[in-house]
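**Q** Whenever a hint applies, use it, and build me the whole structure from the sequences.
For reference, the chains in residue letters:
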Amino acid sequence: MTDTKNEIQIADESGDKYKYGFVTDIEADTVPTGLNADIIRIISHKKGEPEWLLQKRLQAFEFWQTMKEPHWAKLKYDAIDYQALAYYSAPKQKTAPKSLDEVDKELLKTYEKLGIPLKEQEALAGVVAVDAVFDSVSVATTYQAQLKEKGIIFCSISEAIKEYPDLVQKYLGSVVPYTDNFFACLNSAVFTDGTFVYIPKGVRCPMELSTYFRINSRNTGQFERTLIVADDDSYVSYLEGCTAPQRDENQLHAAIVEIVVLNNAEVKYSTVQNWYPGDKEGKGGVYNFVTKRAACRGVNSKVSWTQVETGSAVTWKYPSCVLQGDNSCGEFYSVALTNNRQQADTGTKMIHIGKNTSSRIISKGISAGFSNQTYRGLVKAAASAANARNYTRCDSLLIGATCGSHTVPYIESRCKTAQLEHEATTSKISDEQLFYCRQRGISEEEAISLIVNGFCKEVMQKLPMEFAIEAAKLINISLEGSVG
Amino acid sequence: MSKPLLEIEDLHAKVENKEIIKGFNLTINEGEVHAIMGPNGAGKSTLSYVLCGKPGYEVTSGRVLFKGKDLLQMSVEERAREGLFLSMQKPVEIPGVSITPFLKHALNSLRAYRGEKEMDTVEFMKLLREEGRKLNLNADMLKRSINVGFSGGEAKRLETLQMAILRPCLAILDEADSGVDIDAMRIIGEGVNACRTPQSGLLVITHYQRLLNYIVPDFVHVYTGGKIVKTGNKDLAEELERTGYSEFVKEQA
Numbered sequence: 001m002t003d004t005k006n007e008i009q010i011a012d013e014s015g016d017k018y019k020y021g022f023v024t025d026i027e028a029d030t031v032p033t034g035l036n037a038d039i040i041r042i043i044s045h046k047k048g049e050p051e052w053l054l055q056k057r058l059q060a061f062e063f064w065q066t067m068k069e070p071h072w073a074k075l076k077y078d079a080i081d082y083q084a085l086a087y088y089s090a091p092k093q094k095t096a097p098k099s100l101d102e103v104d105k106e107l108l109k110t111y112e113k114l115g116i117p118l119k120e121q122e123a124l125a126g127v128v129a130v131d132a133v134f135d136s137v138s139v140a141t142t143y144q145a146q147l148k149e150k151g152i153i154f155c156s157i158s159e160a161i162k163e164y165p166d167l168v169q170k171y172l173g174s175v176v177p178y179t180d181n182f183f184a185c186l187n188s189a190v191f192t193d194g195t196f197v198y199i200p201k202g203v204r205c206p207m208e209l210s211t212y213f214r215i216n217s218r219n220t221g222q223f224e225r226t227l228i229v230a231d232d233d234s235y236v237s238y239l240e241g242c243t244a245p246q247r248d249e250n251q252l253h254a255a256i257v258e259i260v261v262l263n264n265a266e267v268k269y270s271t272v273q274n275w276y277p278g279d280k281e282g283k284g285g286v287y288n289f290v291t292k293r294a295a296c297r298g299v300n301s302k303v304s305w306t307q308v309e310t311g312s313a314v315t316w317k318y319p320s321c322v323l324q325g326d327n328s329c330g331e332f333y334s335v336a337l338t339n340n341r342q343q344a345d346t347g348t349k350m351i352h353i354g355k356n357t358s359s360r361i362i363s364k365g366i367s368a369g370f371s372n373q374t375y376r377g378l379v380k381a382a383a384s385a386a387n388a389r390n391y392t393r394c395d396s397l398l399i400g401a402t403c404g405s406h407t408v409p410y411i412e413s414r415c416k417t418a419q420l421e422h423e424a425t426t427s428k429i430s431d432e433q434l435f436y437c438r439q440r441g442i443s444e445e446e447a448i449s450l451i452v453n454g455f456c457k458e459v460m461q462k463l464p465m466e467f468a469i470e471a472a473k474l475i476n477i478s479l480e481g482s483v484g
Numbered sequence: 001m002s003k004p005l006l007e008i009e010d011l012h013a014k015v016e017n018k019e020i021i022k023g024f025n026l027t028i029n030e031g032e033v034h035a036i037m038g039p040n041g042a043g044k045s046t047l048s049y050v051l052c053g054k055p056g057y058e059v060t061s062g063r064v065l066f067k068g069k070d071l072l073q074m075s076v077e078e079r080a081r082e083g084l085f086l087s088m089q090k091p092v093e094i095p096g097v098s099i100t101p102f103l104k105h106a107l108n109s110l111r112a113y114r115g116e117k118e119m120d121t122v123e124f125m126k127l128l129r130e131e132g133r134k135l136n137l138n139a140d141m142l143k144r145s146i147n148v149g150f151s152g153g154e155a156k157r158l159e160t161l162q163m164a165i166l167r168p169c170l171a172i173l174d175e176a177d178s179g180v181d182i183d184a185m186r187i188i189g190e191g192v193n194a195c196r197t198p199q200s201g202l203l204v205i206t207h208y209q210r211l212l213n214y215i216v217p218d219f220v221h222v223y224t225g226g227k228i229v230k231t232g233n234k235d236l237a238e239e240l241e242r243t244g245y246s247e248f249v250k251e252q253a
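Those sequence lines, one after another, are chains X and A. Residue numbers are given in my numbering: position 30 of the first sequence equals residue 30, and the series is strictly consecutive. Residue numbers are given in my numbering: position 196 of the second sequence equals residue 196, and the series is strictly consecutive.
To be clear, the hints were calculated from the coordinates, so they are not data collected in a lab. Don't take each hint at face value.
[Said to hold, decoys possible] Okay, derived cross-link-like pairs now, DMTMM-like style, lysine to aspartate or glutamate, Cα gap no bigger than 20 angstroms in a straight line:
no.: 1; chain 1: A; residue 1: Lys90; chain 2: X; residue 2: Glu445
no.: 2; chain 1: A; residue 1: Lys117; chain 2: X; residue 2: Glu432
no.: 3; chain 1: A; residue 1: Lys54; chain 2: X; residue 2: Glu446
no.: 4; chain 1: A; residue 1: Lys104; chain 2: X; residue 2: Glu446
no.: 5; chain 1: A; residue 1: Lys143; chain 2: A; residue 2: Glu154
no.: 6; chain 1: A; residue 1: Lys3; chain 2: A; residue 2: Asp218
**A** Shown next as structure tokens:
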């Protein structure tokens, strides 16, 4: 108790110093835990942010204090003590492992199976800093130069705030306002870093943009902020995440991804999410509360979300498309796999506003062990959405008798000419199927992996090639121990 | 003298606490074809499942040797890798898993077990197309998911194709003729015969004599009440076709 009090006091003192314009360069690990207006000022100051952003953060914080954490999702987790968290740049924990010998053996096994080089393993497990390992600065620079030539901006959001304030100010928070939801509001107040992408008019981005090439974006997982703007007639494919399970001392993750798509532009956003799911009992896993939304503002604009989710103890995530422009199109392809004690409440929202808008949802949920999974989706056609079309297919696969799968589709149509279709199936890997495979000489684990891979093939095909291979491997690894 | 492939001695087995197999004896030597015939509910499928080790089928006593090894100690996949194959009566659908990669996976599991090198895709595709053609299964069908939307005859031809690819030492055909028209039966019969070698054996389980016109048995056994009650040559099958099983069922009662 007294410790907490002290920390708060320290925070107040630091804040005071700031007020007087006398600021020492505070080390990352001296920023105390807890959340108040002064902490936000420290964050903003340390990042050298302009006043307008600080004001945005403070406004969000003020609003957040009036909000209540939502509990409508089918998720059970211990109450989160927001004052016990650290909100700036994840101070180096004293408990960080000194060598791989101190790292969870299970985690190391997984790295091995994924074929991750030792140096990278050290980084992922938090033994050494990421940038000490990924000597890809030169690679990154090469790509940066190539992108720059085309006028593409691809940098950290902090850099963008300094270098391209007009663009950021115009679009940041325009898709997900701070008032949107509790976790988005928290992110708006305390976000640390993330990615900014701007594709200028008429430009087709010549490569898949991946955070891998931007090494400093790592370790910002906690309150990540991503903003992608595709200007008229442009195209970009963006990859987020990493198949290797990443250990993170921060249990709470609350990211925001905003995508703005203008006339005739297209954005493909692919995610592989594999945050630490906790041990077999679910202890220590990441809570992932994410708000991802794309606004198809222009005519004929298109956005496509593809995700493979195998990580986190608790997932709360609904990548959405707001189809404002006439003829705009939204897609959502998802594979979510939960095992052991993992819980996921995930799905999408397709909001049809413009005429002739179309959307497609293909969701594949796989539950194993004692896990619980809910698909929650909304398809809405506004009165203005003449001839809107939606096709939804939602399949669940159960492995074993102790997991759960639920489907909660909301469908709202205010438009007579809209056509909304929903199909759903639930199946179980049957003993008969396993016997059949084993009778042909295929082991039970291999059989499950064949069946699961077959089940999610349709979605995996939507991933960029190299990502798809990794993701298939990842699914097999995540399934291990599900036989019983 | 040919070597014994399968030796079953006084086998007893139960399913859901009900004894179905009650003192079953049979020896199959290399190169031999045995047919087991019997009425509905005699436990013919139970016998094939017990031999393949299907979970839920419990052996209570008896001994089964396969190529001299204790079969009952092996897992389902080990038995398969040792060369035991079951053409199933009602092959289950496996949506999303297409035949080609499934069968390649199965073949390479067997090859790995035997210490042989993996067959690559090119070589495998050649083999698959060749064997598929013999069984009237075209390339489009081989792209489909296992047994999904297959007619009875197609599913049984697919079972035979798997046998042709996997080349088992001992294949058990559990009613390979049920739900199959006369043309398909001929194709299946020819397909099965093509897989035979002087070292391999066949156990054909059937209600009817028809299939045995194509796959000619060396021995025919009448199976009812959980054991073999009569053994003869192929003439016994023809006799059964005329007289039915009532004589044997009565004897049991």
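**Q** Check whether the Cα positions of Lys3 of chain A and Asp218 of chain A lie no farther apart than 20 angstroms.
**A** 16 angstroms, holds
**Q** When you check the alpha-carbon spacing of Lys54 of chain A and Glu446 of chain X, does it fall within 20 angstroms?
**A** Roughly 17 angstroms separates the two Cα atoms, so the pair holds.
**Q** Holds or violated: Lys117 of chain A and Glu432 of chain X, Cα atoms, limit 20 angstroms.
**A** 30 angstroms, violated
**Q** Decide if the proposed pair is consistent with the structure: Lys90 of chain A and Glu445 of chain X, CA atoms, cutoff 20 angstroms inclusive.
**A** Distance ~23 angstroms between Lys90 of chain A and Glu445 of chain X Cα, so the pair is violated.
**Q** Starting from Lys104 of chain A, check that the Cα of Glu446 of chain X is at most 20 angstroms away, please.
**A** Satisfied, since the Cα-Cα distance of roughly 13 angstroms is no more than 20 angstroms.
**Q** Has the given pair, Lys143 of chain A with Glu154 of chain A, been kept, meaning a C-alpha gap of at most 20 angstroms?
**A** 14 angstroms, holds
Of the numbered hints given earlier, the model fails hints 1, 2; all others are met.
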